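Work the whole structure out from these sequences, hints included.
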Amino acid sequence: MSAGTSATPLGKVRGLGSAAHGGAHWLEERFAAVALIPLSLWLVFSLILLPDLAQRTLAEWLRAPSAAVPMALFVIAAFKHGLDGVKVVIDDYVHDEGNRVGVHYLVAMAAIAGAALSLFALAKIAFGAA
Amino acid sequence: MTAPSKRPLSPHLTIWKWGPHMLVSILHRLTGNALTFAGLALLAWWLLAIAGNASAYADVAAAANHPLGLAVLVGLTWAFWQHFFSGLRHLVMDTGSGLELKINKLFAILTIAAALFATAVTWFFLMGVNR
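Protein chains in written order, with the working numbering: chain A, 1 to 130; chain B, 1 to 131.
Chain A regions said to be covered by chain B (calculated; three or more residues, Cβ under 8 Å):
#, region
1, 40-53
2, 72-85
3, 112-118
Note that these hints are calculated values from the structure, not bench results.
As the structure is a computational prediction, the values presented were derived from the model and not from experiment.
Here a beta-carbon is modelled for each residue, glycine too, at the ideal position from N, C-alpha and C.
Given below as structure tokens:
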């Protein structure tokens with residue numbers, strides 16, 4: 001519907017409203033959240049079901065694709081979701097424009113570094129010598 | 001600044017009562033931040049230690065078995081379940097459901113109860129069955 005085709009106030013708002021980007025951002029924030037429902041439950045149940053939490057047991061568990069892949073997905077989704085959430089908190093509490101951009105960058109870099117370290121560790125476990 | 005009006009102010013900003021929905025909302029942010037800053041840092045440390053040598057993992061195990069470390073892990077477990085159930089509630093509310101006063105309050109109380117219960121069950125299995 002193009003702007004001005006409707007004579008009613010509601011029709012005008014619909015025609016001249018938002019840039020329609022907010023919804024996509026909102027949905028994107030929920031993507032990692034929804035992905036974390038099965039992934040986090042998988043992690044909790046796996047840790048409970050493992051015979052023990054010794055290094056050898058965990059390394060053997062994470063060497064198999066059936067654990068390495070969901071753990072990699074969990075790492076990616078968890079760091080993404082953590083970043084999504086902290087972004088909103090920063091927007092709420094850091095009011096100065098310059099500080100806000102700076103804090104956003106710092107937190108994003110920390111999240112990316114944390115995810116990279118975790119994925120590197122997983123690759124080392126999965127592809128390293130047994 | 002205009003002169004103060006003689007007309008009465010709405011009390012909406014200063015007179016209010018704590019409710020479960022407010023507690024759960026604040027807990028969602030609190031637990032989310034705890035899980036992000038403490039939980040994800042520990043996740044990375046734990047994975048790197050598993051990938052590392054025996055002494056690297058011994059450091060993690062020692063920290064996890066220390067009473068203070070154990071308290072942090074139990075706290076993070078509770079934070080996870082509180083954020084999990086509260087997050088499910090948010091996804092339901094995102095659809096436009098569960099916003100009526102009574103249902104909203106009930107779901108808020110349920111997330112607190114479910115999180116405490118799930119934390120107890122998780123640690124019952126972690127401590128009882130495995131070791």
